[in-house]
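First to last, the protein sequences are chains P and F. Take 1 as the starting number for the first sequence in this note's numbering and just add one per residue. Take 1001 as the starting number for the second sequence in this note's numbering and just add one per residue.
Because the hints were derived from the structure by calculation, they are not lab data. Some hints here could point you the wrong way.
Some but not every residue of chain F turned toward chain P, in silico, with C-beta under 10 Å [what the hints assert, rightly or not]:
1) 1029
2) 1119
3) 1120
4) 1123
5) 1150
6) 1157
7) 1264
8) 1283
Restricting the straight-line Cα-Cα distance to at most 27 Å, the calculated cross-link-like pairs of lysine-lysine (DSSO-like) are [unchecked claim]:
9) F:1025 with F:1186
10) P:279 with F:1115
11) P:21 with P:279
12) P:90 with F:1115
13) P:21 with P:90
To spell it out: a stretch of chain F is covered by chain P in this simulated footprint if at least three of its residues, at any positions, have a beta carbon under 8 Å from a beta carbon of chain P; those stretches are [what the hints assert, rightly or not]:
14) 1131-1144
15) 1162-1173
16) 1243-1253
Cβ coordinates follow ideal geometry from the N, Cα and C atoms, glycine included.
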Amino acid sequence: MSEDAFTSYYGRPVLKPPVWKALDIAGYLFLGGLAGASSVLSAGAELTGRPRLARGTRIGAAGAIAVSLVALVHDLGRPGRFVNMLRVLKWTSPMSVGSWILSAYAPLAGAAAFSAVTGRLPRIGTAAAMAGGVAGPAVAAYTGVLLADTAVPGWHEGHRELPYLFVSSAAAAGGGLGLLVAPRAEVTPARRLGVAGGAAELLVARLMRARLGTVAEAYETGRARVLMRAAEALTGAGALTAALGRGDRRLSAAGGAALLAGSALTRFGVFEAGMTSSKDPKYTVVPQRARLRTG
Amino acid sequence: MTQRMGFFTDTSVCIGCKACEVACKEWNHVPEDGLNFTGMSYDNTEQLGADTWRHVAFIEQRKPLAEQEPGVDHEGPVPPLGAPPDAAPMTPMAPGEGGDLRWLMASDVCKHCTKAACLDVCPTGALFRTEFGTVVVQSDVCNGCGYCIPACPFGVIGQREDDGRAWKCTLCYDRIGDGLEPACAKACPTDSIQYGPLDELRERAAARVATLNDAGVDDARLYLADTDDGIRGAGAFFLLLDDPEVYGLPPDPIATTRDLPAMWRHAALAAAGLLGAGLLAFAGRA
Ligand code: SF4
Ligand code: SF4
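Next comes chain P alone, as it looks inside the complex:
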């Protein structure tokens, strides 16, 4: 990209970078994905009679989504007005749609975990876990649209890939959690989901960068590059360890932890690359100029 000459106004960005804080928002992207995929696992565990896996993933999902909600409210400029999120439902606003998805999902995750911890209301707990298993993927997937529906080149140019990247990353994280909490007899589905998710995460991340064209540079410079590289290494190592560590409780757990860390780093990397791409006018001007040239 550096070859292309372009003009700008004193090198100033055309866009305003997001005011979101990395810890809140990238953290939420990770935790929301973790919660969503964990809920899928807990529903499957419910259906196939795997009580320990079910219990661990229910608690994990509720914990992750609880922290997510705190982070989301904390990130608002006016936290006291968070209820305004539910003032309207707008399909054109992924944040509005997401708020409604979360307000349906979070109570389900909470009820499922409550029942798992206290042993009370088992039927309601099971029903909530099943419904949460259906709602969970929506939580994991919509966040891709949340980022892509902005003028931030590093995110919008990846609008076809981000939802797949995020659900893959979620599957890796959910599987990773399952690997940590399930006993040997119950762990196989978590291992499969984690390994498949990790592999898909690596693949889609590559594919996305290949299709981003000039904007891919935002993923390959500075902090974003470090984060994406580290994510790749951890996810790859985690998936391998989890796959090969069958039969070894400790190896499995290590693989699970690496998958979780890799997933988190992917989210922080994508967040950071978006920030980079919004702060440098070349990411806005050069692709737009190219678009005008090709018509």
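Fit chain F with the ligands to the known structure of chain P by using the hints.
Just chain F with the ligands, lined up with the frame of chain P:
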């Protein structure tokens, strides 16, 4: 909706006096946001934002627009640019060796897009479209989620730090409701900022750009006057004398919300994929 109202900012007559910036701040009680010296020509305001709703850009270029000819009479028609000085009764500008500097000035503002990404993505409904076709934030509703800020393809709307909410130009919603023109347009001494019904402004702008092009100012072009661009045209559009990016404006802005149907489809497929993969993981022997 009553008639759609807007701005036509003709930068070819801007003298960089910043009366618009001042009038806007005064009328709208926009707080002070730093008295800086930037070294960017006469621009010490830097960019639009929560506390800058009009921003005058200054660009110095090694590009002669024309040479000034003093001491000529003002009778008769203005000759086309390029006519030799002695052949013309009045030659405000003629090409020549002197004046190897072109100083562009342009007052930027919220575009009040026809398809406004900020409005589309606002989850609270704080941003809304008025009866004048303008885009306004209701500050009593905004919860400072910040989504509108990276959504705007022009980097117009910003967050006020001590207050947490998003702020931008209202096209003086309070004034135009009373039949007054916005403060910036009122204050502009050269009529670089023109306010009125959008249809009329578009006609006037087309005539103006034709005049300039005929006079030899080939650089003159309209920006965001077209209704088939990525934001389906702006309520506040411009006559520029160089490429938009020279002024810090995006050359081909789009409201990314136009890709939402595709994005939601991908998200739905991705979610189904996660559910399917999760269930598949339980299939077969453990
Ligand atoms: S998208 Fe930007 S330029 Fe368009 S109306 Fe919103 S704030 Fe103004
Ligand atoms: S910051 Fe305010 S105006 Fe902007 S999208 Fe959020 S609620 Fe709407």
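Task: Distance restraint between residue 90 of chain P and residue 1115 of chain F, which requires alpha-carbon spacing of 27 Å or less - done: holds (15 Å)
Open item on the list: Please verify whether residue 21 of chain P and residue 279 of chain P have alpha carbons no more than 27 Å apart.
Closed with: Status holds; Cα separation ~15 Å.
Task: Restraint outcome when residue 1029 of chain F is required to lie within 10 Å of chain P by C-beta distance - done: violated (19 Å)
- [ ] Examine the segment 1243-1253 of chain F: at least three residues should have C-beta closer than 8 Å to a C-beta of chain P.
- [x] With 10 residues closer than 8 Å to chain P, the segment 1243-1253 of chain F meets the three-residue bar; holds.
Open item on the list: Under 10 Å is the threshold here; is the Cβ of residue 1120 of chain F close enough to any Cβ of chain P for the hint to stand?
Closed with: holds (4 Å)
Task: Whether chain P covers the segment 1162-1173 of chain F (at least 3 residues having a Cβ closer than 8 Å to its Cβ atoms) - done: As far as the segment 1162-1173 of chain F goes, the hint holds, because 4 residues have Cβ atoms under 8 Å from chain P.
Task: Interface hint outcome for residue 1150 of chain F [beta carbon to chain P under 10 Å] - done: holds (4 Å)
TODO: Verify the interface restraint on residue 1157 of chain F: the C-beta must sit less than 10 Å from at least one C-beta of chain P.
DONE: Nearest chain P Cβ about 7 Å off; hint holds.
TODO: So, residue 1119 of chain F near chain P? Judge it on the closest CB pair being under 10 Å.
DONE: With a minimum Cβ separation of about 8 Å from chain P (threshold 10 Å), the hint on residue 1119 of chain F holds.
Task: Minimum beta-carbon distance criterion (10 Å), residue 1283 of chain F to chain P - done: This interface hint holds because 9 Å falls under the 10 Å limit.
Open item on the list: Tell me if the interface restraint on residue 1264 of chain F is satisfied: Cβ within less than 10 Å of some Cβ in chain P.
Closed with: Result: holds, 6 Å to nearest chain P Cβ.
Open item on the list: Checking one constraint from the list: CA of residue 1025 of chain F to CA of residue 1186 of chain F, max 27 Å. Satisfied?
Closed with: holds (13 Å)
Hint compliance for this structure: hint 1 alone is broken.
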